[in-house]
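Order-wise, the sequence lines are chains A and B. The opening position of the first sequence corresponds to residue 1 in my numbering, with each subsequent residue numbered one higher. The opening position of the second sequence corresponds to residue 1001 in my numbering, with each subsequent residue numbered one higher.
Take these hints with a grain of salt, some might be off.
[Claimed, not checked] Here are the simulated lysine-lysine pairs, BS3-like style, with alpha carbons at most 25 Å apart:
id : chain 1 : residue 1 : chain 2 : residue 2
1  : A       : K399      : A       : K525
2  : B       : K1042     : A       : K961
3  : B       : K1502     : A       : K429
4  : A       : K23       : B       : K1502
5  : A       : K961      : B       : K1496
6  : B       : K1229     : B       : K1496
7  : A       : K399      : B       : K1229
8  : A       : K867      : A       : K900
9  : A       : K914      : B       : K1229
10 : A       : K429      : B       : K1496
11 : A       : K950      : A       : K923
12 : A       : K588      : A       : K520
13 : B       : K1021     : A       : K675
What the hints contain is simulated information worked out from the structure, not anything from laboratory work.
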Amino acid sequence: MWARSVLGIVSLALVFNDALAFKEQDFKTCSQSGFCRRGRALSQRAQEAKSAWQSPYSVDPSTISVATDKAVVQAGVKSSLYPEVNFGLEVRIQEDGAVRVRMDEVGGLRKRYDEAASWALISEPIISKNIKWVAGKKDLRASYGPNEVVVSYAPLQVTLYKNGKEQVVINGKGLLHMEHFRKKPEPAAAVEATPAAEGQEQTVIEAPENPRAWFEGADEDALWEETFNSWTDSKPKGPESLSVDITFPNHPVVYGIPQHATRLALPSTAGENPTFTDPYRLYNADVFEYLASSPVSLYGSIPLMHAHSEESTVAVFDLVASETWIDVSHSTDRSTETHWISESGILDVFILPGPTPDDVFAQYAKLTGTPPMPALFGLGYHQCRWNYVSSEDVRTVQKRFDEENIPMDVLWLDIEYSVDHEYFMWNEKMFPDPVEMINDVAATGRKMVVIVDPHLKRDNNYPAFTAAQELGILVKPKSGEGEYEGWCWPGSSSWVDFFNPNAWDWWKSLFKPYQLEGGKWSWTKSTEDVHIWNDMNEPSVFNGPEITMPKDNVHYDGWEHRDVHNINGMLYSNATWQALAVRSDPPKRPFVLTRSFFAGSQRFGAMWTGDNLGTWEHMEVGVKMVLSNSIAGLSFAGSDVGGFFGNPEPEMLVRWYQVGAFAPFFRAHAHIDTKRREPYLLPSPYKEMAIDTLRLRYTLLPVWYTAFRETSVSGKPILRPQYTVFPKDRRGWEMDDQYYIGGSGLLVKPVTKKDVREAEVYLGEDEVYYEYFTGETYRGAAKGRTVTVPAALDQIPLLVRGGSVVPTRERPRRASGLMKYDPFTLKVALSKDEGARGELYLDDGETFGHQRGEYVWREFTAVKSKKGLRVSSRDLGSARPAEAVEGASPGLTSYDRGNKYARTLEERDVRVEKVVVVGVKAKPKSVKLDSQGGKELEWEWTPGVGSKEKKGGRAGVLVIKDPGVKVTQDWDIVIL
Amino acid sequence: MVPWLLLALPLGATAAAGRDKLLGVHPSALAKYTPSKSNTWKCLDGSKEISWNAVNDDYCDCPDGSDEPGTSACPDSRFWCKNEGHIGAYIHSSRVGDGLCETECCDGSDERPGTCPNRCKEIGEAYRAKRDAELKIQKTGSKIRSTYIAFAHKERKRLEDLAASLEKDIVAKEKEVEKLREIAERTESLTQAALDHKRQSPLYQSLLNHNKALKSLKREYKKHADREKQLGQILDSLRTGYNPNYQDMAVLEADGEESSTPEPESEKTEEAVDDGLWTADELDSELDDLIGTDYTSLLLEHEDHINTPTEDSLLFKITSYIPDAWLPQYEAWKDNFVDWLEKLGIVSEESSGSSTEATRAQQALTEANTELNHMRREKTESESDVLKIFNPEHFGAEGEWKKLDDTCINHEVGDYTYELCFFKEAKQKPNKGGSNFSLGRFQSWNKDARPGSPEYYSKQVYQHGTRCWNGPERSVVVLLTCGVENTIYSVQELEKCEYQFKGTSPALCLPPGKEPQNHEEL
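Sequences and hints are given; from them, build the entire structure.
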C-alpha cells in the first residue's frame, strides 16, 4: 500500500513539473458533449441536404391568438417528427422595439427550466400597446417604424426586417430543435442478448426505418447517460436540448458572448477555414492557466451577441442558463450565421433591433439593467496578493505605499486570512487584531476587500456551515437527499443554494458587523470598511466534472444543476451585494468583485478576467476580454495587473500598470508562488514609471466617475471600442487594441508588447487629436488615418479627441476619498471647428444620496464666435434632471442646485483651479471672466499649432490660472 | 435662484488672500521667502519670477513647486509642520489639506483651521515616554552588549593562548613523529616477506571474501535507505508544502493515505531485535567498523593470540596492588615505560613475530600523525577565529556578536516552532511531529549596508535550506533591532518558502549617544 502510493507520488511529481499549462483533458470539446455532438450533427445533415432541407417545425394557424391590447401573439407549434408533441410559441414586441421570442413544450412529461429570465432581467419588459400583430394566411406580421417582424408558419421562422432588409432570422437554416421530454425506453436487452445459435446464420431483423433519421440521425446519441473522464452524468430527465440557428444575412461581423480569450470581433468556428474548430462554449468554469486564444469557456457567460454592418447594429440575447455552444460562420463576406446549442431550458431569445450600437446598449440595459454608480474607492487602485499573510504584513504594505507616496485605495486579503479556509473566520495567529487592522487601513481613507467563497467547509464548528445545514439550504446530490459534498480549498465542502429563498436573509445577516439579536452568528470581526470578493463561484469544485458541480445535482424546487449552471455564480454576487448594501444604516454602496457572471451581473459590482498568466499575450488578450465584457453590459471589468501566475519582468509590469490604469477595474494581484511585486519593489526607473501611471489614474478619476454616470443611465459602455464610436467605419470593426473612455474624448492604446516604443493609433474621423501630455497634434481623415505616436516605456499612447473638455484633479493623494474637495483642472481640447464639450459628474461617492438628487452634474463648452472663444460651465442637473442618475427616487423630477452635496462643495470652496485650452493658434489679447464685470485673468500662452490648421506639431496652449470660479457655479471665460 | 448665484461668486481668491505666506516653510528657509522690492518672488530653482501674491496662493506656478510650501498645489513639494511641543517634521504636499490629522503633523497646521486639534502635547509626551522606554532598553541592552564585547576579548585571549600552547605541543609532536617514522621504517623492511606468506592462509582469504560481501550488502542497503528517505521527504513536503492551486485530487488523496498511516517503522525495528542481532542503528554504526577492519593486523594478532602464554606479566598485574589515588600516575608511568621498553627493543625481543612489531610501529606513527594534524587544524581554526571575532563582516568591529555564535532561540507560530541558531542555521520544527526543515544556513549580514554600520547588523540572511515542493530552497531574512534579550518575536512567510524573522538582540544596542541621530528637534 505504502509503496504503491509512493510510486503514485513520484509519477505525479514528474507530471507536475511540466503540467504548468491549460489542462485540455479536464474540459469537454463539443465532440465530448452529447447534446453538442447532436446539435452539430444536425447542422451537418442540413448542410449536406442543401435546399432539400426543411425545418419540421411549423405554426398551426388555427391556434393563433393575437392579443388585442398589446403586441403579443401566441400560437401552437408542431414538429412533423413528433406530431403528438405540442409546443407553444409566443412573440412579444416591447416598447423599445425589441422582439422577444419564446417557445416551450406544452403539456409534456416535465417542465423545461423557464426561470433564467427572473434572475437576469431587472423586471418584466413592458410590451408595446401601439404595435399590432396582423395574422395572414402564411404569416404573422407587425410593423413599426422602419422595422417589421414576420413569423412564417411553415416552416416556422421569425425574421426582423429593417426597411425591407433582413436583419435577424431565427430558424432560417432549419436547425431549430427542441428535444421533447420522453420516457426512458425499457432495456430491450432480453431479445438482443439471446445469442444466435452457433454456426447458424444470424437472422437479421430489419429494424423499422427511423422516419426521423434525416433530421435527428439514425442513432440515439447519449440521450440517457453520458460519461466524461471518470464522471458519469445520470441525466434523469433524458434529452431536452435546444438547437436554434440565428442568421444575420446582412451583417458581416459579430461581437460578444463573453467570456472567451479571443478577439473582440469573433473569429469563425464553422464554415470554410474556421479560426477555431470547436464552437464558442458558455459553461462557467474554473480554467487553470487558460489559453490566450481559444473558444473554450471561462468563468462567466453573457449570451448576448452584437451583429454589425455599415447600415445597422442589431443584437440577439439568448436567455438560457444551461451549457451552450455557439458556432459562428460566414457563408458570404457580408453575412453571419450562428448556431446556438443549449442543453436545457426554454427558448427565450430577444432580438434587439438597434439600429446603432448605442441603441443596442440601451435596449440591452432595459432588459438586464446597468451598472450602478460604484463606490468611488472602487475606481482607485486595488492592491492584492495571494496572500498578505498577517495583519503586520498588511500594515507594512500600507506603510510602504505611504513612504513612497503611492496612491492606493484598497488592500485585499485572499483566502489565507481564514482559518482552514473557513471564510469570515480569521486565522487569529496571523491576524490577531482584525478590526484594529481594518481600522488602521481605513484611517487613511482606504478600504479592505476580503474574500468570501461559496464553498463551506463541512466542519461542525464552523457557524456558517452549521447554520446553512440547519436551514437546509445546501445544494443536494443527484439523489435529491442530503447535502452534496465536493472538494475545494478547505477540503470537503458543501455549497449554499441561492436558488433557495431561505438562503438570502441568512446570507444578508452574516455580513452584519455587529452582534445580532438572539445570538445568531454574524461577522462581528469586520467593519463597514470591509468589502467582498466572491471567487470560485462558477462554482469551482476540484473533484467535480470539469472542475465544477455534477450536472445532476439538485437545487431548490428540484431543478437540476444543468438547468441553472451559468446563472449560479451571479446569484452569489447578487446575494453578497445585497448583504453589504443593508449592513449599514443608511445603506452604502457595496463593492463586490466576482469571477463568475451572467447577463445582469453588471448590477452587482465588478468582474475580472480570472487567473491570467504573466505573459505579454495574456496582457494583450486581457484588453480584448475587458472590451468584450464592456459591450455586453459588464463595464466594471479589468484583468489582474502583472498576471496572476509568474514573475513579470519590470518592463512587462510597467506596461501592465499602464493597461490596468486604463481599465475600469484596476487591481494588481499575484499567485502565492510568485515573488512580491508591489510597485514600490520595482527597481528604478521602473518604479517611478509605475508610480506615475498610478498617479495619472488618480488625476483622471473625475473622467472615470463621469463615465460611470453615463453608463449607469444609458448602458453605454465605459470602454468603447472603435466600432461603437464609428459604426460606419469598416476599418475600425476589427480593432480591439484601442478604445475611448466613456464620452470623455480620451483615446488610449495600451502597449502590450515587449520592446515596443511606438504605437500606431487609428483615427476614424476627420478631426484633430492631441497627445495628452505634450499637446502634439495628430490629424485624422474622413476615411480614417493611422498615426504613429511615441510610446517610450514611460509613455502611454493617450490622445484627446479634438472637441472634448477633460476634467481632472491634479493632486493625486493617498486615496481617492482624500481628493474629494480638491480643485479641478479643465483640459479644453479644441476641435477643428474650434469648439469643445465635456461633462463632469460628482456625488459623495459613498451613499445612495445621488438617487435623492444629491449630486452635481456640469457641462463645459467652448464655442468660437466673432466675439472670441467662450469657455462656459453650465448646470446639467437642472437641464436634464430625468436622465441624471440611475435609480432616482420616484417623484424626483427636478434638480435642486442647493442640494446637500452641492452645498458641501460650496462650503469647501471646491474650485476650478486651472483651464488649459489646447489648439490656440494665436496669442490672445485678453482673457476675461465674463460674469464678474470683465475681470482680466492671469494666463500664459505657449505658441504652437492651432486646432483648425492642417499641419502637425505641438499645439498652441493657453493656460488660465485660477479663474476664481467654483465647480458648482455657472461661469463664462471669454478669450479674445 | 439669483441670490444663490450671487452667493456663489465670492471666490477662492479671497480665501487665498488670507493665507499665511510662510505657511509650511522650514525655519531655515524663511529668509528665502521674502518679496522683492517690486513685490515679486523668484522660484527657488531660479527658473521663474512670479508675483509675491502667487506664493502660497494654492496654485502651482514654479516648476520646482517652491512657491507652494503651504498648500497641496504642487505635486511634489514638502510642508513643514512646526509641531511645537513635539518634533517638527516635513510631510508630503499630497497630505496637505487631505482632511486627515496625521501624527507627523500633530499641530494640524496642514489642514483647514478647525479640522485637526493641536495634539502635539499628548503626542509629544507619548513620543517622549516611548523614547525614554526605548532609551532604557537601549541602556540595559548596551550594558549586556558590553559584556558581549568583554566576552569577545576573553575569547580572543583564550584562543590566542590555545594557539600558543598548541604551537608548543605541535613542536613536541613533530619531534615524536620524526622518531616514530624512523622506527617504523626500520622494522618494516624486515617483515615484508614473512607477511606475504601469512596472507596465503585460507582464513585470511575467507575473511577477504566476507569483507567483499559485506561491502556489497552495505552498498545496496544504503541505496535503499536513501531512496526511502527521499520518498519520505517528498511525502512530508507534499503534506506541508502542497500547492492547492494545482487542484489535483490525486495529490490530496495520496497525502491523506500517507499521513493516516500510523508510523510503523520505529516500532517494528525495535521488535525485530533478538538473538543478539544488531538493531538498525547498530548496523549503521558497527558495519563500517567491521568493513574497515585491518585484516592483516587481525591475522597477526590472531597469531599472537595463539602463541602467547595465558598469564600476564607482573607489570600488568601490579595495578591491583596500587591504591586507587595513585593509579593514574602509575598508568601513565607504565605506558611510557612499556613504550620505551618496546622502542628500545627490550620488550620486543621477547614477543614473537617481527611483523607484529612492524605493524605496531606503523600504528604508532599513524596515530601520532593524526594527532599532529588535529593539533595543527585546531591551531589554524583558533587563529582564524581570532581574526573573525573583530572583523566587521563577521562578529562585528567590537566582537559584540561572538557571544551569540551558535546561540539558538525559538519562536512558536501556529503549528511550528522556528529555531534560529545564530551564524549557523534556521529551522522549522513541526510541533505535532514530523521532520524538521532547514530554512537555510547563515550566509551574510545586510549586503545593502556598509559593513560596520548599525544597518549592516540589522539583517541576517540564511539561505539554501531544504527545497520546497515545486518551489525554491527555503531561506530566511532575520531583521534585528536592539532589545534586552535575544528573541524572535515574529515569523512570516512573505513569499513561498521565504521567511522573515523579526527579533531583538542586545548586540544591537549601542550605548546611548553613539547612535546616528535621525530626528531634528526644536
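Identify every previously stated hint that the structure contradicts and give their numbers, smallest first. 4, 5, 7, 8, 9, 13
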